[in-house]
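Asker: Chain A is already provided as a structure; the job is to place chain B on it using the hints.
First to last, the sequence lines map onto chains A and B. When we follow the working numbering, the leftmost residue of the first sequence carries the number 962, and every step to the right adds one. When we follow the working numbering, the leftmost residue of the second sequence carries the number 962, and every step to the right adds one.
These are calculated hints, taken from the structure and not from any lab test. Careful, some of the hints might be misleading.
Pairs count within a copy or across copies, as identical chains cannot be separated in the list.
With a Cα cut of at most 30 Å, we get these calculated BS3-like pairs of lysine-lysine [stated by the list, open to error]:
hint, residue 1, residue 2
1, K1173, K1139
2, K992, K1329
3, K1138, K1171
4, K1173, K1287
There are 2 protein chains.
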Amino acid sequence: MKRFYIEKAGEFVGKEVTIKGWLYNKRDSGKVKFLLLRDGTGIMQAVMVKGEVENGVFECFNSLTQESSLIVTGKVREDKRSPGGYELSIKGIEIVQLAQSYPITPKEHGVGFLMDYRHLWLRSKRQHAIMRIRAEIIQACQDYLNTNGFTLIDAPIFTPSACEGTTTLFGVDYFGKKAYLTQSGQLYNEAAAMAFGKVYCFGPAFRAEKAKTRRHLTEFWQVEPEMAYARLEETIEVCEELLLFILKRVLERRREELKRLERDISFLEGIRPPFPRISYDEALQILKERGIELEWGEDFGAPHETALSQKFDTPFFVHRYPAQCKAFYMKRDGEAPHLALCVDGLAPEGYGEIIGGGEREDDLETLKERLEEYNLPEEAFQWYLDLRRFGSVPHAGFGLGIERTVAWICGLSHVREAIPFPRMLDRIRP
Amino acid sequence: MKRFYIEKAGEFVGKEVTIKGWLYNKRDSGKVKFLLLRDGTGIMQAVMVKGEVENGVFECFNSLTQESSLIVTGKVREDKRSPGGYELSIKGIEIVQLAQSYPITPKEHGVGFLMDYRHLWLRSKRQHAIMRIRAEIIQACQDYLNTNGFTLIDAPIFTPSACEGTTTLFGVDYFGKKAYLTQSGQLYNEAAAMAFGKVYCFGPAFRAEKAKTRRHLTEFWQVEPEMAYARLEETIEVCEELLLFILKRVLERRREELKRLERDISFLEGIRPPFPRISYDEALQILKERGIELEWGEDFGAPHETALSQKFDTPFFVHRYPAQCKAFYMKRDGEAPHLALCVDGLAPEGYGEIIGGGEREDDLETLKERLEEYNLPEEAFQWYLDLRRFGSVPHAGFGLGIERTVAWICGLSHVREAIPFPRMLDRIRP
Chain A
962 MKRFYIEKAG EFVGKEVTIK GWLYNKRDSG KVKFLLLRDG TGIMQAVMVK
1012 GEVENGVFEC FNSLTQESSL IVTGKVREDK RSPGGYELSI KGIEIVQLAQ
1062 SYPITPKEHG VGFLMDYRHL WLRSKRQHAI MRIRAEIIQA CQDYLNTNGF
1112 TLIDAPIFTP SACEGTTTLF GVDYFGKKAY LTQSGQLYNE AAAMAFGKVY
1162 CFGPAFRAEK AKTRRHLTEF WQVEPEMAYA RLEETIEVCE ELLLFILKRV
1212 LERRREELKR LERDISFLEG IRPPFPRISY DEALQILKER GIELEWGEDF
1262 GAPHETALSQ KFDTPFFVHR YPAQCKAFYM KRDGEAPHLA LCVDGLAPEG
1312 YGEIIGGGER EDDLETLKER LEEYNLPEEA FQWYLDLRRF GSVPHAGFGL
1362 GIERTVAWIC GLSHVREAIP FPRMLDRIRP
Chain B
962 MKRFYIEKAG EFVGKEVTIK GWLYNKRDSG KVKFLLLRDG TGIMQAVMVK
1012 GEVENGVFEC FNSLTQESSL IVTGKVREDK RSPGGYELSI KGIEIVQLAQ
1062 SYPITPKEHG VGFLMDYRHL WLRSKRQHAI MRIRAEIIQA CQDYLNTNGF
1112 TLIDAPIFTP SACEGTTTLF GVDYFGKKAY LTQSGQLYNE AAAMAFGKVY
1162 CFGPAFRAEK AKTRRHLTEF WQVEPEMAYA RLEETIEVCE ELLLFILKRV
1212 LERRREELKR LERDISFLEG IRPPFPRISY DEALQILKER GIELEWGEDF
1262 GAPHETALSQ KFDTPFFVHR YPAQCKAFYM KRDGEAPHLA LCVDGLAPEG
1312 YGEIIGGGER EDDLETLKER LEEYNLPEEA FQWYLDLRRF GSVPHAGFGL
1362 GIERTVAWIC GLSHVREAIP FPRMLDRIRP
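Next comes chain A alone, as it looks inside the complex:
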């Protein structure tokens, strides 16, 4: 018989099974003892009644501590009142290890304490649900891209030069030379797109953020698609499709986890395309109406994004930012050269930016001028300029931040819970 897992309990009704797991909680009502067991896939209530199991089994109940590892056999019964809808009638209990006094108890703990015990905290219901949704979101990204003609081409992590200044880069001693950890695979993606048409990279990126905010990690994951022969509008469409694909997948497969997080599922279900597309200028106007003044040419900060994203009930796109506040590689709008052909994708409900992208400058001479304007060393970018020398084409792409997307879909107040082992200014353990 195949191995039993709690999440598949429905396939085993009436059968005797073995759960290899841990004691999540227990409850005693005298002649009836309740064990809440978890096996990594779910939590199931197991019950034993005095006289119906061997005395030795029944008596061991008192010794069982939270998180003790147990192998429990018994029969699966359908039980509507039970959490999950199924219950186990215990026949035998094998104690693998009695756990020492578990540091995480039902009482309230501070986040600092819980983060110190992140390696254990992941076992709790809420963190378990978040991580399963995270895994589903990542898989959705991969599935969408793999089935839509994108080839995975991993960008390097070690990079010789900084593409947007070195102030937020982590330096590494690379055999006596200086190297940096990547902030984005985009430049390499552009090379790959010229070879494979549609590509993506998926991996960790690093930002030496000195600020403590609820949206920043020093180590985060992102998926970055890039397309040859693509323009801004097409890119926004792909962003929209990808977000819809992710949402649909999570709603289909991780509904139980969303419930456990008390996420407003009907809000997520109500999200329909097309998502609004507004220009930077229109966004400024919206901010003004809300009493927030921002000088034209300034990039949005967290407060502006939050204000904007409270206005919408779906993700939305802000395009055509002032070129002056954006990176050197962004292509300018032919009809309004003070604007960049870029787009940010923002999540609603105050969450703000989860996507950034746009068209890339594809003209050799223009790109050289930009490097000079931005005080970047042309030498370090010769390989990147080569892409404009040898069959340059219009191309565009974007990056989607995994933790920010997870935080929004799960309804988290801070991205630190959206990654298994968060790294921040003051946190590199465990």
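Answerer: Then chain B, alone, in the frame of chain A:
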């Protein structure tokens, strides 16, 4: 009509289509001009005959340089003699950009030169084929694990301490403190396995290898599954299943690419389970028969692996190495405590190790003793010891190196071609 891509040419026979791509090569036989076009998904021959296209189109042929970006319209015809089986009868050519003199020509170039132009080299047939197989192998790993109950739990890249000594670790200045780049997510996977049962991480890992060998990169990718309540034998079975799944997938979906690499496909097709399982002691005996003496207790080096892997026609497993040459966390064999319950998976044909794994020590006191024996600071491993305090269970896992697996399946002589942008002792560009 949906966008045309060369790899789907068969669906468009008799239809007029547009190829957005680049000129891979051209050939002139007077009144008939041949363009080899690539669009990232494949290469297709396009033909024009004098008098059958507008003069302007026909005459532009001479100006077209290698890797010029072109938008070509025409009708798809089936043609058995044509590479790929389909041909385009050209109607129009729009030149997007005439490429400058392309540095990579059909003549032989040295690997150093080609690596300097890695951003362009990826466009060539051979590199294109390797990268598509790489992407397929990665997707196969993810699909196998996702459909077999493993949850993706990303391990951190920044780690505060070294798990197997610091000599091959890259150090990072982490806001004034010392951090290291991960060599393996295993320790974190163990924490995750206690929360999710079966988990894996997939990401880059880093090794400051000072040696130049054909099997080492400073930055490489690996997939690392970990299972709670699992033993060595079950782990070896999962390794075998995963390798078979990968092989089947590549043979199904990337046969054209294998042909392009002139890989011996019948060899790969002939691989059948079960893969041989031999002990370290048996491996020593095989080496001895081949005239290679190795003292008991020494780990295998590249020459030993190569010699062993020439003996087998399938991947094979070597288990139960001397504990003294293995890491502190490996569980010892209860029946022979001088042996570790570990396994290496080796590819045949001289390729050697692609997998390393085994059971992890799950007893608190034993693990503390090991840390002391290995001169590792207990303080840094408190969180890891916690996994043995709070519901410890037998558990095991392994890591599969992506580049080594790609190199073997593609039949490459060096792992540097198995990754888009290789990083080595003397290579961090482009």
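Asker: Checked against the structure, which of the hints given earlier come out wrong?
Answerer: 2
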